[in-house]
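Those protein sequences? They're chains A and B, same order as listed.
Position 355, counted from 1, in the first sequence is what our numbering calls 355; the numbers after and before it change by one each time, with no gaps.
Position 42, counted from 1, in the second sequence is what our numbering calls 42; the numbers after and before it change by one each time, with no gaps.
Please note that a few of the clues may not be correct.
[To be verified] Distance windows between CB atoms, simulated:
#1 B:S59 x A:V484: 24 to 32 Å
#2 B:I78 x A:G201: 30 to 38 Å
#3 A:L80 x B:G50: 57 to 65 Å
#4 B:I78 x A:P400: 31 to 39 Å
#5 A:P400 x B:G50: 23 to 31 Å
#6 A:V473 x B:G50: 29 to 37 Å
#7 B:S59 x A:R241: 52 to 60 Å
Calculated from the structure, these hints are not laboratory results.
A quick note: this is a predicted structure, and the numbers were derived from the prediction, not measured.
The C-beta atom is built at its ideal place from N, Cα and C for all residues, glycine as well.
Spelled out from the first residue to the last, the chains are:
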Amino acid sequence: MIEFEDSGGDSERAADARDLTMSWSGQRGSAERPPAHPTTETAAASERDLTGLLTHEDIDRARDRYQVARARRTGHSKALANLRLLWLLVGPGILVFLGENDAPSMLSYSADGARYGIGFFLPFVVLTFMMGFVVQEMTVRLGAVTHRGHAELIFDRFGRFWGLFAMGDLVLGNFLTLVTEFIGVRAGLGFFGIRPSVAVGGALVIVLGAITTGRYWTWERITLSLAIFNALFIPAAILARPDWHAVGHAMLTWSPLPHGSHYDILVLLLATMGATVTPWMLFFQQSAVVDKGMQPRDIGAGRLDTAIGAALAAVFAIATILATVPLFRHGINSAAFQGAEFAQALEPWIGHAGAALFALGIFEAGIVAAITISTSSAYAFGEVFGTGHSLNRPLREAWPFYLTLIGSAFIAAGLVLIPRFPLEFVVLTVNVIAVLAMPPALAFLLLLVNDREVMGEHVNGIWANAAGIGVTVLLICAGIGFAVATIFPKLLGG
Amino acid sequence: MEQNDANSKEPKADAANVRPGRPDLKDPRLVLSLLEADQVVAAKSQSRFGRRPFSFGVSAALWGLRIYVLFMMVIVVISVIHAVHSAH
Numbered sequence: 001m002i003e004f005e006d007s008g009g010d011s012e013r014a015a016d017a018r019d020l021t022m023s024w025s026g027q028r029g030s031a032e033r034p035p036a037h038p039t040t041e042t043a044a045a046s047e048r049d050l051t052g053l054l055t056h057e058d059i060d061r062a063r064d065r066y067q068v069a070r071a072r073r074t075g076h077s078k079a080l081a082n083l084r085l086l087w088l089l090v091g092p093g094i095l096v097f098l099g100e101n102d103a104p105s106m107l108s109y110s111a112d113g114a115r116y117g118i119g120f121f122l123p124f125v126v127l128t129f130m131m132g133f134v135v136q137e138m139t140v141r142l143g144a145v146t147h148r149g150h151a152e153l154i155f156d157r158f159g160r161f162w163g164l165f166a167m168g169d170l171v172l173g174n175f176l177t178l179v180t181e182f183i184g185v186r187a188g189l190g191f192f193g194i195r196p197s198v199a200v201g202g203a204l205v206i207v208l209g210a211i212t213t214g215r216y217w218t219w220e221r222i223t224l225s226l227a228i229f230n231a232l233f234i235p236a237a238i239l240a241r242p243d244w245h246a247v248g249h250a251m252l253t254w255s256p257l258p259h260g261s262h263y264d265i266l267v268l269l270l271a272t273m274g275a276t277v278t279p280w281m282l283f284f285q286q287s288a289v290v291d292k293g294m295q296p297r298d299i300g301a302g303r304l305d306t307a308i309g310a311a312l313a314a315v316f317a318i319a320t321i322l323a324t325v326p327l328f329r330h331g332i333n334s335a336a337f338q339g340a341e342f343a344q345a346l347e348p349w350i351g352h353a354g355a356a357l358f359a360l361g362i363f364e365a366g367i368v369a370a371i372t373i374s375t376s377s378a379y380a381f382g383e384v385f386g387t388g389h390s391l392n393r394p395l396r397e398a399w400p401f402y403l404t405l406i407g408s409a410f411i412a413a414g415l416v417l418i419p420r421f422p423l424e425f426v427v428l429t430v431n432v433i434a435v436l437a438m439p440p441a442l443a444f445l446l447l448l449v450n451d452r453e454v455m456g457e458h459v460n461g462i463w464a465n466a467a468g469i470g471v472t473v474l475l476i477c478a479g480i481g482f483a484v485a486t487i488f489p490k491l492l493g494g
Numbered sequence: 001m002e003q004n005d006a007n008s009k010e011p012k013a014d015a016a017n018v019r020p021g022r023p024d025l026k027d028p029r030l031v032l033s034l035l036e037a038d039q040v041v042a043a044k045s046q047s048r049f050g051r052r053p054f055s056f057g058v059s060a061a062l063w064g065l066r067i068y069v070l071f072m073m074v075i076v077v078i079s080v081i082h083a084v085h086s087a088h
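Put together the whole structure using the sequences plus the hints.
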């Protein structure tokens, strides 16, 4: 059932908006909401009314759509036109996956390589990114068809009660993750002898710098250009001189299997899954797709964007595992290592340049995720409280949105600088919490993406549902395994 | 990637209003022709998807998952206490 919100008063602006919407749908006087994606050609309101209704956000979004429309009707060759279109439409998918290759995730991958070497974890990481693609693709369709963020849709369709639960999971997970990003920033720059206050302060300046443009497109391109430095782990891996034959063998056979404490392996499995599929990614990508102004016609490009993001992130994650394999080969105990300690420990085997690249990679992972995760919190806050929530809005129009974004980053950064703050506690738990909170988030996602009133012809097909349910069941089983191993450690030899 | 299907209900800007050079986005009709109806902030803020009724099965599944998460948070706290004790 779709209905107009009771505006609580018949303000002229609200009435104009209602008339405008109905005139688009050709259903003036009807209580029905317009179809999911009607044409705007038939807009009947006067130019004066339309001018009053349009916001800065609408105009910026139209500017982006204009470029897309031009690319679609360009006279260049089809290949060039498609490349230009891809350039214009990529962003949310790459950002979400490279954003999720964040500081705690890179530390999880580092631990995979340092503790268990080349083997099971390489193909397992590829599997987790395939799982990530399955669920993130659904957010592209949701955002492009409904033009609404994930939090907004959950509150609308499932009500405040369930919406608050979903938000609780998101807020807790996002805040703890944000803290770990600044731990990564501090640890990464700590390798170069930079003081924590300078490192964290500098990171905050970069977060602020990215959002001061008041333009989604500029923010996206700045963040993408930072995110591509996730590739720093590739030269670090090459300097570790991996055994490519063993890599190929592991990818094909999923072996050798990890040995040792089953409990430790289970926690690392959970953390590795939590490094790829987490609630913030659902909220972020859907909101970013909406803010970018993507439409149903762009779903194919959005899917490709998501696949490119997943593939790049998987390659960089595998590179991180390979870069830390020398620690496994030389029997170095890395159980309590954090970012800079991995880099320092690797220096004898991958050289100072390799270790510096590794440390810079951890810094980059932290900074990009700090930008994307704080933006995800701000989007969700704005959607739930009905305040402006777009990076296309100037500060004066959407100050609660920007305040949430900056405020969450400042508080997380501040915590990292508190002496004797239990950073280890946060790093240990963040990815595990993310993966444990994921099944309810996936349930909401699957309900929404199968809702024909919301999605129209873009509802999930049988294979997408099978894959989505499969991922959810796998995550629940992993969580139950973790619970059993925690309560009965001797059962798994922990 | 390009999907030029004839049945698309896309805004018609692609064919009608796109000209080389910088767009005149002071013209509200051009802006509206580039956006779908529910992409416009003023229109979107006035419409909501209504509440979806839950079947018993869906309610049970959501409650089950909620209890699962709360239980798992307790497990996480136990595991962290265990890990911190082990570390010291």
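How the hints compare with the structure:
1. At roughly 27 Å, the beta-carbon separation of S59 (chain B) and V484 (chain A) lies within the given 24 to 32 Å, and the hint holds.
2. The hinted range of 30 to 38 Å is satisfied by I78 (chain B) and G201 (chain A), whose Cβ atoms lie roughly 36 Å apart.
3. The hint said 57 to 65 Å for the Cβ distance between L80 (chain A) and G50 (chain B), and at roughly 45 Å that hint is violated.
4. At roughly 37 Å, the beta-carbon separation of I78 (chain B) and P400 (chain A) lies within the given 31 to 39 Å, and the hint holds.
5. At roughly 26 Å, the beta-carbon separation of P400 (chain A) and G50 (chain B) lies within the given 23 to 31 Å, and the hint holds.
6. For V473 (chain A) and G50 (chain B), the Cβ-Cβ distance of about 30 Å falls inside the hinted range of 29 to 37 Å, so the restraint holds.
7. Judged by the Cβ atoms, the range 52 to 60 Å given for S59 (chain B) and R241 (chain A) holds: they are separated by roughly 56 Å.
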